[in-house]
Amino acid sequence: MDAGNVMKPNDLFSINIFGLSIPVSDSIVMMWIVMAVLIILSLIFVRNLKTIPVGKQNAVELVVDTINNIIKGSIGHHWKSFAPYFGTILLFLVFANISGLFSLLPTAEELYKLTGNEFFENLPQFAIAAPTKDLNITLGMALMSVVLVLFAGIRFKGVKGWLHGFLEPSPVMVPFHILDYGTRTLSLSLRLFGNMLAGYIIVEMLYEATIFIKPILPLASFFFDVFDAILQAYIFVFLSTIYIKEAIE
Amino acid sequence: MGNGLVAIGIGLVMLAALGAGIGLANAVSKTAESVSRNPEASGKILSTTLIFATMSEVTAIFAFVIAVMLVSKV
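The listed protein sequences derive, respectively, from chains A and B.
Using numbering that gives the first Met the number 0, the letters of the first sequence correspond one by one to residues 0 to 248.
Using numbering that gives the first Met the number 0, the letters of the second sequence correspond one by one to residues 0 to 73.
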């Protein structure tokens, strides 16, 4: 593992639209895979729903109910407008972070070195890892949350009330309220990204370690890719809902 | 010479983990205290502590991100 280049996106190919060339990195492809899994799961589980739940519908209702309770607990009165968005974000982040469990699968380059088979040499260098270990993706999620906070404030309090909110305790606080939008984006994105990157680096380092410390590898992998992954997804959604509550009340 | 100084800087950056560690230790000791004082509220106390522990952890995370950025300069 190259620690210096771990933050650089690895561009696989680029899409050309209207003369613009958009590079697609492997974390974006990984994100598409997670999205496809979520879409397929939702198509499977949402088919023929009934008023009295049977079988798999019980599990889905449990998940939706848990998400609704989390959102209701932190936003309060207007929770219904935000529950679908935050439920999607929470499910996506949980699946995206847990997909880091597969980061120890060998890449095409490693397979070529191991087997010497010509077939693996020409495959693209696609490394399986959690998409959230790329700052671009977490920054996108954080920007979505902060823009939602901005528009929810205007929508629920009106332009006048929203502008008045900047003067809240005293007019001295105006620059800090404006600064808040930047620092919230930064802390939301860097928290998720830093945690996932730290987990990825530690697991990869343990993978290359000597045989004596290798037995703790599954433990570390489980901690960083399951426990910490779910916790960070929950923290992201929880902090976003706290910001929303602050903006609309 | 320059590379060595960058490496020393990376080590110094990670001193921020010291502060995060002390903060987390404070939070966890208070959690244990309040759970033993009021065992019925342990679920609520645990979730609140997890939230604020992650918030105090973020200083160490920032330091870690800066350290990883500096590693490419060595």
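Take these hints with a grain of salt, some might be off.
Said to hold, decoys possible - With a straight-line Cα cutoff of 35 Å, these simulated DSBU-like cross-link-like pairs (lysine-lysine) come out:
#1 K7/A / K49/A
#2 K112/A / K7/A
#3 K112/A / K72/B
#4 K55/A / K156/A
#5 K244/A / K49/A
#6 K213/A / K72/B
#7 K79/A / K7/A
#8 K244/A / K159/A
#9 K29/B / K244/A
#10 K71/A / K29/B
#11 K43/B / K71/A
#12 K72/B / K244/A
#13 K79/A / K72/B
#14 K43/B / K55/A
#15 K156/A / K7/A
#16 K159/A / K71/A
#17 K7/A / K72/B
#18 K156/A / K29/B
Just so you know, the hints here were simulated from the structure itself, not pulled from any lab data.
Each hint, compared with the structure:
1. K7/A / K49/A: violated (48 Å)
2. K112/A / K7/A: holds (23 Å)
3. K112/A / K72/B: Holds, because 29 Å separates the two Cα atoms, which is no more than 35 Å.
4. K55/A / K156/A: Violated, at roughly 41 Å.
5. K244/A / K49/A: Distance ~34 Å between K244/A and K49/A Cα, so the pair holds.
6. K213/A / K72/B: holds (29 Å)
7. K79/A / K7/A: Given pair K79/A, K7/A is violated - Cα atoms ~39 Å apart, limit 35 Å.
8. K244/A / K159/A: With a Cα-Cα distance of about 18 Å, the restraint between K244/A and K159/A holds, given a limit of 35 Å.
9. K29/B / K244/A: holds (27 Å)
10. K71/A / K29/B: holds (28 Å)
11. K43/B / K71/A: holds (16 Å)
12. K72/B / K244/A: Violated. K72/B to K244/A sits at ~42 Å, over the 35 Å cutoff.
13. K79/A / K72/B: violated (48 Å)
14. K43/B / K55/A: With Cα atoms ~30 Å apart, K43/B and K55/A stay inside 35 Å; holds.
15. K156/A / K7/A: This hinted pair is violated, its Cα atoms lying about 41 Å apart.
16. K159/A / K71/A: holds (27 Å)
17. K7/A / K72/B: holds (13 Å)
18. K156/A / K29/B: violated (38 Å)
Violated hints, listed in ascending order, are 1, 4, 7, 12, 13, 15 and 18; each of the other numbered hints is respected by the structure.
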